[in-house]
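Asks: 66 is the number of the first residue of the sequence shown in this note's numbering; add one for each residue after it.
Fair warning: there could be bad hints in the mix.
[Unchecked claim] In silico DSSO-like pairs for lysine-lysine, Cα to Cα no more than 27 Å straight-line: (1) Lys87 - Lys146; (2) Lys136 - Lys113; (3) Lys371 - Lys355; (4) Lys146 - Lys106; (5) Lys146 - Lys231; (6) Lys87 - Lys106.
If you're looking for bench data, these hints aren't it; they were derived computationally from the structure.
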Amino acid sequence: MSVFIIAEAGVNHNGSIELAKKLIDMASKAGVDAVKFQTFKAEKLVAKDAVKAEYQKETSDASESQFDMLKKLELDLNTHKELIRYCESKDIMFLSTPFDHDSISLLSDLGLEIFKIPSGEITNLPYLRHIGSLNKEIILSTGMADIGEIEDALDVLIDAGSQKEKITVLHANTMYPTPIEDVNLRAMVTIGNTFDISYGYSDHTLGIEVDIAAVAMGATCIEKHFTLDKSMEGPDHKASLEPHELREMVRSIRNIEKALGSSIKKPSPSETPNIAIARKSIVASVNIKKGEKFTLDNLAVKRPSKGINPMRWDEIIGTVSSRNYNTDELI
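With the hints as constraints, model all of the structure from the sequences given.
Replies: Quick look at the structure:
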């Protein structure tokens, strides 16, 4: 099964439908499977006096409240419909993360088949129960969570009516950007093994190498923020990939997918012709007359491999030559 790659536009559209469409164009050209936005009503998401995270203060107006920042980044129903139509025209899946009950219902009514649960909602029981009751495919991010909190969230989703087989759990770190020493990628495999569940990785590091490593470690889903330009105003642009980086990430992931192969160890079609050239056979190291015994002194192992396999060395030593051999001739 191919790795499902989500390009996370998030709020990098800066409230502009034109910019959102440019992001969809970019994601489509890069070859990702889905482009994901965020669906919320600022009033339902955050208290009016809630402060911004430090990374948000650094990348947007520090004097502006989190509420005012988010209010400008809302997408209304008609915008959702327009972006879904635009994604269909570009042959790419539209996804969006809901942050409140109204947003869950809106996305469900729009026919979304995959629901992405962000890290911040993993302890939101009523929210989890609502999404779980839809019995859709679910992608659950686990930034800031420990293994017990992941277990609790999965229990809520499954008890609400979701099938475990439809859930993919993403290891994540909720710091933008994530320091490389805090990635802890082995925890992704721990999640998969602990819950016997599909797993992947939602990445907030600055590069693409961790995503590639995650695929090599068995990730079936990769999510990565992207933008047209890292220097744009807004909370998430700085920790996002630019177009050339997104294309390179997709290319690398697809190559690693091919390279992972079948797990059966046998000669590949490309290397099989080299067996005759690179392997060796038992040969005469000197001229040998008929009736002479084969010994350590008159036999050697040399290329090519068209003669007797050297693994039969002990079987040949001590037997009698049935004809004359010249030096280097295959026995």
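Asks: Now tell me, hint by hint, if it's right for this structure.
Replies: Structure-based check of all given hints:
For the suggested pair Lys87 and Lys146, the alpha carbons sit about 16 Å apart, so the restraint of at most 27 Å is met. With a C-alpha separation of about 10 Å, the suggested pair Lys136 and Lys113 falls inside the 27 Å cut-off, and the hint holds. The straight-line distance between the Cα atoms of Lys371 and Lys355 is roughly 22 Å, inside the 27 Å bound, and the hint therefore holds. Restraint check for Lys146 and Lys106: the C-alpha separation of about 17 Å stays at or below 27 Å, so the hint holds.
This hinted pair checks out: Lys146 and Lys231 have alpha carbons roughly 25 Å apart, not beyond 27 Å. As the CA atoms of Lys87 and Lys106 are separated by approximately 23 Å, the hinted pair is consistent with the 27 Å bound.
Checked against the numbered hints above, the structure breaks none of them.
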